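*Asks:* Sequence:
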Amino acid sequence: FDWYWFDEVSEELLENVIIRYENLNFQYLELDGVTSAKNMDLDGYGLSEGFYLYMPNHSLTSFDSTGLGRVINVSLNSNQLVTFDGSGLTNATDLNLSSNQLTSFVGTGLDNLDILRLNNNQLTSFIGTGLVKLEDLTLSFNHLTSFVGTGLNTVLDIKLDNNLLTSFDGSGLDSLFNLVLFNNQLTSFVGTGLNSLLNLRISNNLLNSFDGTGLIKLEDLNLNTNQLTSFSSTGLDSLVSLDLNDNQLTT
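In my numbering, the protein residues as written are -13 to 237.
Check before you lean on any hint, since a few could be wrong.
Using C-beta positions, here's what the derived DEER-type ranges look like [claimed, not checked]: (1) T136 - G55: 22 to 28 Å; (2) S73 - L228: 43 to 49 Å; (3) T220 - D50: 50 to 56 Å; (4) D71 - Q171: 26 to 32 Å; (5) S90 - L230: 19 to 25 Å.
Worth flagging that the hints you see were computed from the coordinates, not collected in a lab.
Since the model is a prediction, treat every value here as computed from it, not as a measurement.
Here a beta-carbon is modelled for each residue, glycine too, at the ideal position from N, C-alpha and C.
Please put together the full structure from these sequences, using the hints given.
*Replies:* Have a look at this one:
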């Protein structure tokens, strides 16, 4: 069958969810009511193609992706995950890990991932190596102090707002068209390597230097609430909208 739904589990204090199946062939697994579950172990050999795993708003602290090579969509948002190993999710295209307690993330094994949501965690480290098909990356509301775009050459949209960034290196972000960096601690920004960028929001930082060299396609630029004393539009030939409010411009 296509739908398998666990609802109103009678054991309210259930902490370990262990599901082993060899003959079932379902496509969607939703666990609702297992609110005290802390550990998830799915050992599957009969999964149908295009399997969906949906388990937000629970108490998971760990997750084992072993045997989940056919899963394409995983929602584990609003849990208590402190570590995550996605090496078994070799065909997953959409992964939602927002609102957990992760401090680091490594993309190894997630070769087919298109969408990754990691906002509202406690990340101090993010390594995108292995995310060779990723297009949409959300890292808002974390504790990142630096970001390097190496290995993320297919990404189209990155949200890094509300972190602690003091450095940003866009080298390797060849396809990026939307970049959100507001509410960080950046003091300078260089556009080198961001040749496809259309929209850049970098308001509410500490910028005293901005170099738009390389931003040849940029159309929308928001630099409000920074510490810029001067601004040059050199190289910004496609610019349509510019916000420089609440700076310290003298020239």
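*Asks:* Give a verdict on every hint.
*Replies:* Comparing the hints with the structure gives:
{"no.": "1", "hint": "T136 - G55: 22 to 28 Å", "in the structure": "holds, 27 Å"}
{"no.": "2", "hint": "S73 - L228: 43 to 49 Å", "in the structure": "holds, 44 Å"}
{"no.": "3", "hint": "T220 - D50: 50 to 56 Å", "in the structure": "holds, 53 Å"}
{"no.": "4", "hint": "D71 - Q171: 26 to 32 Å", "in the structure": "holds, 31 Å"}
{"no.": "5", "hint": "S90 - L230: 19 to 25 Å", "in the structure": "violated, 36 Å"}
When held up to the earlier numbered hints, the structure conflicts with hint 5 and nothing else.
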